[in-house]
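There are 2 protein chains.
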Amino acid sequence: MKILMIEDDPEMAELICEFLERHHITVENYENPHLGLSALSFKPYDLLILDLSLPDIDGLEVCRMVREKSDIPIIISSARSDMADKSACFYMGADDYLPKPYNSQELLLRIHSVLRRYNKPIVAEEPSSIFMVDIDRHEIKKEGESIYLTNAEFEILAYFIKKKGFVVSREELLTNVSSINYESSLKSIDVMIGRIRAKIEVNPKQPRHLISIRGLGYKLVNE
Amino acid sequence: MKILMIEDDPEMAELICEFLERHHITVENYENPHLGLSALSFKPYDLLILDLSLPDIDGLEVCRMVREKSDIPIIISSARSDMADKSACFYMGADDYLPKPYNSQELLLRIHSVLRRYNKPIVAEEPSSIFMVDIDRHEIKKEGESIYLTNAEFEILAYFIKKKGFVVSREELLTNVSSINYESSLKSIDVMIGRIRAKIEVNPKQPRHLISIRGLGYKLVNE
DNA sequence: TTTCATTGTAAAATTATTTTACGCAATTTT
DNA sequence: AAAATTGCGTAAAATAATTTTACAATGAAA
Chain L
1255 MKILMIEDDP EMAELICEFL ERHHITVENY ENPHLGLSAL SFKPYDLLIL
1305 DLSLPDIDGL EVCRMVREKS DIPIIISSAR SDMADKSACF YMGADDYLPK
1355 PYNSQELLLR IHSVLRRYNK PIVAEEPSSI FMVDIDRHEI KKEGESIYLT
1405 NAEFEILAYF IKKKGFVVSR EELLTNVSSI NYESSLKSID VMIGRIRAKI
1455 EVNPKQPRHL ISIRGLGYKL VNE
Chain W
1255 MKILMIEDDP EMAELICEFL ERHHITVENY ENPHLGLSAL SFKPYDLLIL
1305 DLSLPDIDGL EVCRMVREKS DIPIIISSAR SDMADKSACF YMGADDYLPK
1355 PYNSQELLLR IHSVLRRYNK PIVAEEPSSI FMVDIDRHEI KKEGESIYLT
1405 NAEFEILAYF IKKKGFVVSR EELLTNVSSI NYESSLKSID VMIGRIRAKI
1455 EVNPKQPRHL ISIRGLGYKL VNE
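These protein sequences, in sequence, are chains L and W.
For the first sequence, the positions run 1255 to 1477 when the working numbering is used.
For the second sequence, the positions run 1255 to 1477 when the working numbering is used.
Certain hints may be false.
Said to hold, decoys possible - Selected chain W positions facing chain L (Cβ under 7 Å, derived; list incomplete): (1) 1284; (2) 1344; (3) 1367; (4) 1421; (5) 1467; (6) 1469.
Said to hold, decoys possible - Here are the computed lysine-lysine pairs in the DSSO-like style, where the Cα-Cα straight-line distance is at most 27 Å: (7) L:1459 to L:1441; (8) L:1416 to W:1395; (9) L:1395 to W:1418.
What the hints assert, rightly or not - A few chain W residues that don't get close to chain L, going by computed Cβ distances all over 10 Å: (10) 1309; (11) 1318; (12) 1361.
Just so you know, the hints here were simulated from the structure itself, not pulled from any lab data.
Note that beta-carbon positions come from the ideal geometry of N, C-alpha and C, so glycine has one too.
Can you make the complete structure from the sequences, with help from the hints?
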């Protein structure tokens, strides 16, 4: 996560840098817009924080120039907080506008929100669960990969996932999973478990996820 | 340009409506969030303005529910202007946050800015959709290639695309797709699906996009 | 009115899923 | 160590849902 900043006030720049670095964001500041622009064309950045009141070129003009060459998310900050400027920024292709003075927390919030829009989540969510259910799409993913399951298989596995590792008895499945007939024999559960294993286990002979607990039933290890 | 608003204060709603209508924006307000939500699923809107302090459900919860089903741009307005709420909004997938009181001009600005972001898929938000609908041209393209579809076929497929991979039941299609007579038998849906498959699938016998979910309906895999 | 494309119906064919049955293997109990 | 229990894998049978087919109804355009 690396941010390019163009801000001519060294104190301000220092302040922001320190704050963001504390949040594990690398910031590179250029007090001179020309240098900043050339840095942008040579190195990859995730976001640009641009001050409006710059020496030499106007910030808006910088914004336009950036937007001509790059899709990078842009947050503009400015002491001039009048409406006209604001509109102009968006017109130039900025993604957010932050009137000075602002507190650092506010900036961080905007960074997150802008990045979210670009589908670049700052903190890659690390779900510790291997299996994730999407009821609406009738889909279960194992490590992000969607696995094809029949109705009963889907419901059974979803039930196990819901149970978070607790042992589930065959009776419990029979009564709680609607797509298996509750009058069926308990044996059919075994068959279905076998089929689910064939689909979710690397080596179905030595299951690592759907574990049988002799005499009790099965449990799911979802990690 | 049509906006859905969920705002329980009738005066406030009236004010905003009038202002926006003067700017040629159609606004439909629901004072009850449930009604608003259901409107959203039945009709197409360009943007949602959501009040946080609602009766019955919390605005944040409404936001989450909307975001689960839809990509619509969301602007949240609220009298509670604390940071926590603000972050929560963005976390729930809102696109902008507008603390009350605000003047109408400010709102209009936000609307434009949010819409601008959406129309400019700077980084393709939906990185790989195979099927794209162009309602105005009554056209659906598969990987850029426009495919000829009859009215009913078009609406059905468009409906699937809108649903983003969610399972759609035959009943749902019957009631939501206007060009199929809602008195028709559910079986006709299957026939139409078959016809659509013949047009969009490489091998209609082994569909890879319009997948049937036994006992539930169908879903579209749009990638 | 005729024609043509589209939509809807119904039955047959096909296919997928669930269930049962049974033999074998593994584990536990006696 | 033998017997009993429990779990596993396979295949066949039963069931149920989907797809295909052929054709009828509809409705808009010529």
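Inset, instruction - Could you tell me which of the numbered hints above are not met by this structure, giving the numbers in increasing order? - result: Going through the list in order, the structure violates hints 1 and 8 and respects the others.
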